[in-house]
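Participant: Listed below are the residues making up each chain.
Number of protein chains: 2
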Amino acid sequence: MDSTAHWIWYPGDFSIHQGMLQNFAREERGMGWPAYWYIDDCNRNINFSRTYDLDNPTDFTVYARGIGYVDINGKKFRLGETLRCESGKNVITIFVGNPTGLPCVYIDGLVVKSDKGWQASNFVSELPAGNDPLFTSKDQNPNVIEYQKAELNPTKVKEIDNGVLFDFGRAVNGSLKVKLHQIDEVTICYGESRTEALDVDMCYYKQESVDETTHIRKRAFRFVFIPNAKKDNINLIAIHEYIPKQNISDFQTDNPLINKIWNVSTETLNLCSDLFFIDGIKRDRWIWAGDAYQANFINQYSFFNEEVDRRTLLALRGQDNIKQHINTIVDYSMLWVIGVLNHYEMTGDREFLKIVYPKMESMVRYFINQTNKQGFIYGRENDWIFVDWSEIDKDGTVAAEQALLIEVYKTMVTCGSVLNRPIENYQTLHDQLLENFLQHFWNEKKGAFIDSYESGKNHVTRHANIFAILFDLVDDDKKESILKNVLLNDKITRITTPYFKFFEQDALCKMNRQDIVYTTILDYWGGMLANDAVTFWEEYDPTKSGKDMYSMYGDPYGKSLCHAWGASPIYLLGRYFVGLYPTRPGYREFHVEPELDQFNKFHAILPIKNGKVIVDKNGDTLSVLASKGGGTLVLGKNEYALIPNKKLTVSLNHAKVDAG
Amino acid sequence: MDSTAHWIWYPGDFSIHQGMLQNFAREERGMGWPAYWYIDDCNRNINFSRTYDLDNPTDFTVYARGIGYVDINGKKFRLGETLRCESGKNVITIFVGNPTGLPCVYIDGLVVKSDKGWQASNFVSELPAGNDPLFTSKDQNPNVIEYQKAELNPTKVKEIDNGVLFDFGRAVNGSLKVKLHQIDEVTICYGESRTEALDVDMCYYKQESVDETTHIRKRAFRFVFIPNAKKDNINLIAIHEYIPKQNISDFQTDNPLINKIWNVSTETLNLCSDLFFIDGIKRDRWIWAGDAYQANFINQYSFFNEEVDRRTLLALRGQDNIKQHINTIVDYSMLWVIGVLNHYEMTGDREFLKIVYPKMESMVRYFINQTNKQGFIYGRENDWIFVDWSEIDKDGTVAAEQALLIEVYKTMVTCGSVLNRPIENYQTLHDQLLENFLQHFWNEKKGAFIDSYESGKNHVTRHANIFAILFDLVDDDKKESILKNVLLNDKITRITTPYFKFFEQDALCKMNRQDIVYTTILDYWGGMLANDAVTFWEEYDPTKSGKDMYSMYGDPYGKSLCHAWGASPIYLLGRYFVGLYPTRPGYREFHVEPELDQFNKFHAILPIKNGKVIVDKNGDTLSVLASKGGGTLVLGKNEYALIPNKKLTVSLNHAKVDAG
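Protein chains in written order, with the working numbering: chain A, -11 to 648; chain B, -11 to 648.
These are computed hints drawn from the structure, not numbers from a lab.
Owing to the predicted nature of the structure, the values given are computational and were not obtained by experimental measurement.
Fair warning: there could be bad hints in the mix.
Since the list gives no way to pick out one identical chain from another, each pair is judged satisfied if it fits inside one copy or across any two copies.
In silico BS3-like links for lysine-lysine, alpha-carbon gap of 25 Å or less [unchecked claim]: (1) 101 <-> 137; (2) 311 <-> 347; (3) 311 <-> 342; (4) 434 <-> 489; (5) 479 <-> 165.
When you get a sec, could you build the whole thing from the sequences and use the hints?
Facilitator: Below, the structure written as structure tokens:
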């Protein structure tokens, strides 16, 4: 039992409230741009309750963010005053309403305190109270996020275009400190790229009439251009804001380019994950379920930050009552459910699963309500059947959506089993849907899944086929068929978005084509580095150059240059090259199955739950060390148990073991 | 079409947001006391849309409370700037998010403006935008209620108990202006009664360490006591806050006591109805559906304020998704539905009915989900089957609840018909339930309805029997039987709460027992006046005196001395003595059916929709004037059409008509 006192609230409310603020944080050319979907807020009116059986009298004080009172055994007392419980049975209920923010309390006392054990109720449902490791002191306010601040000097300052260009040498997410000399006020033009900053008319962020006292909004940038000024007129310091995260991962090989790709990926994910996994720091700054799903896989092999993942899952799902699909997208709602399973497999966090499982169940009921006789899920009015920005035949029900729904049912079977809930219904739904999916969407002639069977066009795209591999929906023969007929078939329209490129690379690795994936990483991500990237972009098209590189969605600077999914090499390298993955939830058991043919010298440290794994390769000598038990080194058909903190050394030629 | 520009919002949101603040406004002895039920807030993220076909270009500006932008034909523009629509078709969408308050906009322009015609969407449902007559200027903020303020000097100041007692001579709801001389700070003890103010330890409101600069919270009081001070030390001015309301009603008879009862009733309702009908100004300050139901009947015969009623109905119902019964009370949810019908019959406001009807339907579905095979509604876990504070046999399903449900179905038939919605199902449910109700709950031996048929106790209370008369659930024979066996039967436990006394007096009048009711009014309400009341109380027990008069709910000053339902004489006198009531919605037709035997001289002005009715009696001469058509004077079996603004004079002896 954790006995640390935290600020506590109705479970999910902190994430839902802060998630709302996050989805309101987008800015474009002087306009606020709230996300274009229904947005939940936290509960306004909460009570917290707990019964203590006390051997001795004890004092405590309740601090609250909101209005209310403390009820001890039916008598009312004030917040913020020292209160006493006499020995014996004490029923304490704390009532807190907050009309504008998160209602929450901190209970300060030796015995009676806000550690684990309090129940929270919104007067409809009662659940174990929620908390967050960020808020453990009574002087804090969970409505105020305490960002750490780093002052950064520009790395280059240059007079150009009748103004001054500041290059901070890295992506900054924060404010600016401005000192002016012999000039009253200036205009600040921001850019993720130098080109953008210099484009005074069209840059995404701009603030005019700025003097030394002006409040400068938190923005994401690397460059700042001050038009109509000289170097001597102005000093700029960037104030980068961040929530510190641990990162024990390390990645050093004999290929400097892949090392840099790893490090820039880490920087990219780090920037895109303060409280939540957001898509990008300049744009949209929103929490998207598809982006977050991928970010969590990347997180697993770098920061291993469980909190960001938990917050993101809770924020995405919102309050119990479902009003529309997450981000309005049917496939994103399904990825949310599947993402909970990944979180559980990564963390083994049964307590979180318990909180979130009812929300999974209601979400799946929501899906079932939009299935037809075959069990196929279809889009309703205002539902967005997205899959990907690609020409998919969306006539009738769509293959990729069914593949996700099959995995959703499997997720419910797995998670329900963990919590000893009835899962027969999900198993039945799974089996039926899988059967119908294979029967209707598998096209023997094409040796692949088609998008739609209702249209009669028999059109093949990569998407459903990729999901079929990733979710093991087909046998090995069909997988090979998909590899040949789809993934390695240039006649099938290529994946153009980095979003789906993530799934495609994942599938290729799963089919042991690390060779192809390694080349892709060096070309695609290396290409961005060759274009001066300090973080990875939303999208990279090697055929574009100059100003064209930065345009997207019809906006010359619409492209986000620090985008979470840009960090996917971390996942691909960790999961399929180092070959680390849990085989029981929370890495109670795990495999290390290296595939390091591309490297002569290789050193990596990767996180696991409550520990780490170190993998070294030098020529044909491989050594693996895990800081905790349950690990197995897998080399082809050979398996070697890993003893905690004992380095296991193997000759890759002879698969000879050496415990050192 | 109303062409006044208003601040607009998602319909219901203003009332729901302000209703939340109202339900957070309770204070007791230095503690905030949020209402103990689930509390909804407004939507956070809204868009407003409208298409204009313009003959000429036109300019407009959008003012918003929140962040967002304006989309004109797919292009984004800033809030607060002059924007132009060219001639031709223009699709305008305004996006506004507000993380802490009501998202709303005011559109200022000659053609493009926020008058009727805008749609509001929360990204799930789109409905005609809501507004309120209080907010018609771009400089306003619908998140800030602009109370008018009146400075009031105390009527008496007296040194007593080593302190100073201020009597403001009336109930004040507001703050205080404090001037101190030769004293640094004081303690303010408030009282609705003199006794309460002088009770420094136990008075309900108290503020310590007050100097001239201290913010003094808005509170309800008539008396203020400053302990440990002399008259010369302190000057107090009360700042009464209120939202002005029109009141054309007037009531002058040859009985000064009943005149005073009318006026004090008016004062009482006025104080309890700023934005909403609340129960009382000192305590609870909450919006209760039962209290509001009655307040609306009283309002109909005094202020005829449609806005307070609309706001109250919207605030009570909250957002679409129903999480629990209104105020957690099953009967209150049903009174809410029935209250909408009364609002419609009073106002004829079809537009409001259209907005609220889907919320009635979902509420009724919620009821149906908790009915048994006989169609009887039962209480579920956490549901409160209240009916009244009385010893009712609540074993199994309860008669009074079924009576309400029958009236609910009738309401749906009536309101659904107005909107041309299918009502057959409600009619069937109504007929079945009525039949089962009579079969199971009517006890022929007792000549009355019993509380519960499942318990076998055959216990009779007044409550279901009163509803049966009020809602015309039984024929005249049964009504007479109820009158004799229940209402006029001293062996049946008396109604002790003013809440149900309202319904009882209503039923007695309906059975033409104005004689009894008149005596009751003079005794009960006159009794409060004899005890120095300046407003009517939550409850009055003539057997109590001194300090005991003020205690309730186990609290020495728990009783509210300015309580909305205390104003019920207005309704009883207006509805059953003047005899005014609409016979078609919105008084398109109405009756005046006077029963003025208690008066020799009588003069009353009462409001009707868009008009008024004046009734005078002098000896046996009665005259009636209505300012608009549709009226009928009913005297026994005689009916006389009322011609607009023509006084109709009748001799009560001969029923002789004289148009004057």
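Participant: Could you run down the list of hints and mark each one as holding or not?
Facilitator: Quick rundown of the hints versus the structure:
{"no.": "1", "hint": "101 <-> 137", "result": "neither (31 Å within a copy, 44 Å between copies)"}
{"no.": "2", "hint": "311 <-> 347", "result": "both (13 Å within a copy, 16 Å between copies)"}
{"no.": "3", "hint": "311 <-> 342", "result": "both (22 Å within a copy, 22 Å between copies)"}
{"no.": "4", "hint": "434 <-> 489", "result": "within (22 Å within a copy, 80 Å between copies)"}
{"no.": "5", "hint": "479 <-> 165", "result": "neither (54 Å within a copy, 83 Å between copies)"}
In summary, the structure is inconsistent with hints 1 and 5 from the numbered list given earlier, while agreeing with the others.
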